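Enquirer: Here the protein sequences come in this chain order: A and D.
Its first residue numbered 1, the first sequence is counted upward by one per residue in this note's numbering.
Its first residue numbered 1, the second sequence is counted upward by one per residue in this note's numbering.
Quick caveat, the hints were computed from the structure, so don't treat them as lab data.
Computed from a predicted model, the values in this text were never measured in an experiment.
There may be inaccurate statements among the hints.
Said to hold, decoys possible - Below are the EDC-like pairs computed for lysine to aspartate or glutamate, each with C-alpha atoms no more than 16 Å apart in a straight line:
| no. | chain 1 | residue 1 | chain 2 | residue 2 |
| --- | --- | --- | --- | --- |
| 1 | D | 235 | A | 52 |
| 2 | A | 90 | A | 60 |
| 3 | A | 10 | A | 60 |
| 4 | D | 235 | A | 60 |
| 5 | D | 230 | A | 50 |
| 6 | D | 350 | D | 449 |
| 7 | D | 162 | D | 449 |
| 8 | D | 230 | A | 60 |
| 9 | D | 228 | A | 52 |
| 10 | D | 295 | A | 50 |
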Amino acid sequence: MKRIEAIIRKERLDDVRSALEEVNYPGMTLVSVKGHGRQKGIKEQFRGREYEVELLPKVEVMIVAEDDSVDEVVQAIVENARTDEVGDGKVFISEVERAIRIRTGEEEEKAL
Amino acid sequence: MLDIRKHKTKLAFVVVIAAFSLLIFVAPSLTTAEPDPTGAETLSQNPSAPVNYVWILISAFLVMFMQPGFAMLEAGFVRAKNVVNILAKNLMDFALGAIAFFLVGYAFMMGPDLFGIIGSEGFLLLGSYDVGVYLNFLFMLVFAATAATIVSGAVAGRMKFKSYFAYTLVITALIYPIYGHWVWGGGWLSQLPFGLGHLDFAGSGVVHAMGGFIGLSGAIVLGPRFGKFKDGEPKAIPGHNMTLAALGTFILWFGWFGFNAGSTLTAQHLRIAVIATNTALAAAAGGASAMMISKWRTNHWDVGMALNGVLAGLVAVTAPCAWIEGWAAILIGLAGGAIMFAGVRFIESKGIDDPVGAVSVHGFNGLWGLIAVGIFADGTYGKYATQAPFVEGILYGGGLGQLASQVVGAVTVVAYAFGLGYLMFKAIDHFIGLRASPDEEIKGLDLTEHGAQAYPEEEGGL
Numbered sequence: 001m002k003r004i005e006a007i008i009r010k011e012r013l014d015d016v017r018s019a020l021e022e023v024n025y026p027g028m029t030l031v032s033v034k035g036h037g038r039q040k041g042i043k044e045q046f047r048g049r050e051y052e053v054e055l056l057p058k059v060e061v062m063i064v065a066e067d068d069s070v071d072e073v074v075q076a077i078v079e080n081a082r083t084d085e086v087g088d089g090k091v092f093i094s095e096v097e098r099a100i101r102i103r104t105g106e107e108e109e110k111a112l
Numbered sequence: 001m002l003d004i005r006k007h008k009t010k011l012a013f014v015v016v017i018a019a020f021s022l023l024i025f026v027a028p029s030l031t032t033a034e035p036d037p038t039g040a041e042t043l044s045q046n047p048s049a050p051v052n053y054v055w056i057l058i059s060a061f062l063v064m065f066m067q068p069g070f071a072m073l074e075a076g077f078v079r080a081k082n083v084v085n086i087l088a089k090n091l092m093d094f095a096l097g098a099i100a101f102f103l104v105g106y107a108f109m110m111g112p113d114l115f116g117i118i119g120s121e122g123f124l125l126l127g128s129y130d131v132g133v134y135l136n137f138l139f140m141l142v143f144a145a146t147a148a149t150i151v152s153g154a155v156a157g158r159m160k161f162k163s164y165f166a167y168t169l170v171i172t173a174l175i176y177p178i179y180g181h182w183v184w185g186g187g188w189l190s191q192l193p194f195g196l197g198h199l200d201f202a203g204s205g206v207v208h209a210m211g212g213f214i215g216l217s218g219a220i221v222l223g224p225r226f227g228k229f230k231d232g233e234p235k236a237i238p239g240h241n242m243t244l245a246a247l248g249t250f251i252l253w254f255g256w257f258g259f260n261a262g263s264t265l266t267a268q269h270l271r272i273a274v275i276a277t278n279t280a281l282a283a284a285a286g287g288a289s290a291m292m293i294s295k296w297r298t299n300h301w302d303v304g305m306a307l308n309g310v311l312a313g314l315v316a317v318t319a320p321c322a323w324i325e326g327w328a329a330i331l332i333g334l335a336g337g338a339i340m341f342a343g344v345r346f347i348e349s350k351g352i353d354d355p356v357g358a359v360s361v362h363g364f365n366g367l368w369g370l371i372a373v374g375i376f377a378d379g380t381y382g383k384y385a386t387q388a389p390f391v392e393g394i395l396y397g398g399g400l401g402q403l404a405s406q407v408v409g410a411v412t413v414v415a416y417a418f419g420l421g422y423l424m425f426k427a428i429d430h431f432i433g434l435r436a437s438p439d440e441e442i443k444g445l446d447l448t449e450h451g452a453q454a455y456p457e458e459e460g461g462l
């Protein structure tokens, strides 16, 4: 089992979700996050004066997938989150030791 | 030490009670005829009274509705951590201010004139239990509360709540009523020998310049919020909700129809139609000019500035609205938006922090409105009368007379409001402290003063 964490643009979330449904991963955990990479911030204006927004809002999608489907899931995310502009985000993949479904007590792949 | 202070407070309390008892005992009536608490006598003497009563009451209710307008505008322009505090201030300046204005403010403002300086009768409305006096009181009360609430924006985000109480009592009991007496209560400004005396139809000076320049004095005595200036350079501290700011501005615009057109104090002057139209046109022009100027100067269509521009136009037309034609209202509004925009820049360049632009909107444009009477008044409406003598500005052969009266009034309101405001805030600072502690300011006044958040679910609330 692998944990896939993808930090993506908010406005790409709908497309990423439907793509994940198509590869049979309808469930996900979402976190609203703020941050910046090399892109740094953007400029906004309030009552005539400009200011820099250094940390931009993004959304982080977390999915735990079976080893076999990791590539499929990652491809679905990357293809649908990409705009070719700076600020498209990143995907991180890591090992998951155990998984338990709280309602039934089922473990490992059955818990996903 | 503490005991002495307690003792002093008690003594002061006893003195105040004694003074009031005396007033109650000797209270004479504001009305020359017998007071008419049922209204039956008033109606039989003037069968058309109901239309005036309904008009003035509806106008008073509209002006009252400007309170939520200010509350929403200011809430939108401050950060989320100070929203509860700004709402509490907007609520309490009416709640406490209404009582103070009832106890002494109304008598100082509208009571029989003493030496052109102050009114002298009508404390607690005693001896004036009369439908006409109560009607006039309510209309004057909602104006006093408007002047009081303007200041909350200029001092937002850093003033102690209890100090704001003290300020509220002083402005509604003394500062506002005394100047109001000078202009609307038969005092010396209204008696000036140039033109028809100083004229301020609905209160560009009495209400708005008053609030704006007391606000300026408060902002100066308090100093800027943390983070407003970095190495002397002004920084934006974005408000938390533009939607609320827009709603508040539209509510104010709506309420302003009562503020201006109601100030005829009678429905018999059909001039109310001209006044209401001028009000709408000046607001529109102010919003349009501020929006254009912001695009020109900052390269963005800045809605925050345009909202302030609408209010600038409204403030500027408040003094002249009864005496001018539609095209003049538009010119006054266009200039109002520009004055507001330049004013915001000027205030910031002096190192002063006015979080919502109250000084530029109400202060500078209040003065512009007073001056505009002396320029654009076109000789079609008199001193709250449809009969001559009519008010004439320099463009209509009135010469410099009316303008001179307007300039005297404008200079007076700046000196009076800023001077007394400065003394008052310095005194409050000395006796009870004015500014919240750095820790309170940084955590936000909502949590530290009120133990509450405007949006408890958003940050870490379970």
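Enquirer: Does each hint fit the structure? Answer for all of them.
Expert: We went through each hint and held it up to the structure:
A threshold of 16 Å between alpha carbons decides the hint, and for residue 235(D) with residue 52(A) the separation of about 10 Å falls inside it, so the pair holds. The hinted pair formed by residue 90(A) and residue 60(A) meets the criterion: a straight-line CA distance of about 9 Å does not exceed 16 Å. Proposed proximity of residue 10(A) and residue 60(A) is supported: the alpha carbons are some 9 Å apart, at most 16 Å. Between residue 235(D) and residue 60(A) the alpha-carbon distance is near 31 Å, which puts this suggested pair outside the 16 Å criterion.
The suggested pairing of residue 230(D) with residue 50(A) holds, with an alpha-carbon distance near 14 Å, which does not exceed 16 Å. Under the criterion of a C-alpha separation no larger than 16 Å, the hint pairing residue 350(D) with residue 449(D) is inconsistent with the structure, at around 30 Å. Between residue 162(D) and residue 449(D) the CA atoms are separated by roughly 10 Å; this keeps the pair inside 16 Å, and the hint holds. The suggested pairing of residue 230(D) with residue 60(A) is violated, with an alpha-carbon distance near 34 Å, which exceeds 16 Å.
The hinted pair formed by residue 228(D) and residue 52(A) meets the criterion: a straight-line CA distance of about 14 Å does not exceed 16 Å. Note on residue 295(D) and residue 50(A): the hinted pairing holds, with a Cα-Cα distance of about 13 Å set against a maximum of 16 Å.
Comparing the model with each numbered hint stated earlier shows that hints 4, 6 and 8 do not hold.
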